[in-house]
Amino acid sequence: MAIRNLRFEGDEILSKRAREIEVIDDKIKELAEDMFETMHKFEGVGLAGPQVGILKRIIVIDLYEDGEQYALINPVIVSQKGEQLVDEGCLSFPNKYAKVRRAKEVVVEGLNLQGKKVKIKAKDLLAQAFQHEVDHLNGEVFVNKCEAGTLETVTEERKQEIKEGRK
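Using numbering that gives the first Met the number 0, read the sequence shown as starting at 0 and increasing by one per residue.
Hints are not guaranteed to be accurate.
As the list claims (entries may be wrong) - Label pairs and their calculated CB-CB ranges: (1) Glu11 to His39: 21 to 31 Å; (2) Asp123 to Lys26: 10 to 20 Å; (3) Glu29 to Val75: 20 to 30 Å; (4) Glu108 to Gly148: 34 to 44 Å; (5) Asn4 to Glu82: 28 to 38 Å; (6) Arg157 to Lys116: 37 to 47 Å.
Please keep in mind that the hints were generated in silico from the structure rather than gathered at the bench. Think of the CB as a built atom: it goes at the ideal place given N, C-alpha and C, for glycine as much as any other residue.
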């Protein structure tokens, strides 16, 4: 396993659509492990292939709460319901946060690392994370979806307040 280099604001790869993964081989499994390790090092909850310079449709998510981690290949949001206005940040946009409108619940389909088709029903923060990471695969970033006037560059102290849900 290895820490991958993150791609940051202004990097062209973040605006490109990632390609479908045809074969889930050892290289893809290693990429997923590296993505988890990279995400954990920087205390993120999700990471998409383009954020580590790989234009492939792979995402990883870990909410650090229930012990369940998600690694999905070729994920697609097949349904969404409700709406939530959430604080959102991104490892590729350090210290930037904004309010973003996201569906409150989503159903995501994709393949797990064993190549088995899975369907995940998610709500609240997990739904937000899936939407954010699938956006990355489509070349979309949260700063282009934020509510007008809500994008802010924050201090480390303010960043912690946002993570803890304090306004």
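So, going through the hints one by one against the coordinates:
Restraint check, Glu11 to His39: a C-beta distance of roughly 26 Å satisfies the suggested window 21 to 31 Å. Distance hint check for Asp123 and Lys26: the Cβ-Cβ separation is about 33 Å, which falls outside the suggested range of 10 to 20 Å. The beta-carbon spacing between Glu29 and Val75, approximately 24 Å, falls within the hinted interval of 20 to 30 Å. Against the hinted window of 34 to 44 Å, the Cβ-Cβ separation of Glu108 and Gly148 comes to about 35 Å, which satisfies the hint.
The supplied range of 28 to 38 Å is met by Asn4 and Glu82, whose beta-carbon atoms lie about 35 Å from each other. A hinted range of 37 to 47 Å holds for the C-beta pair Arg157 and Lys116, which are about 41 Å apart.
Of the hints listed earlier, the one the structure fails to meet is number 2.
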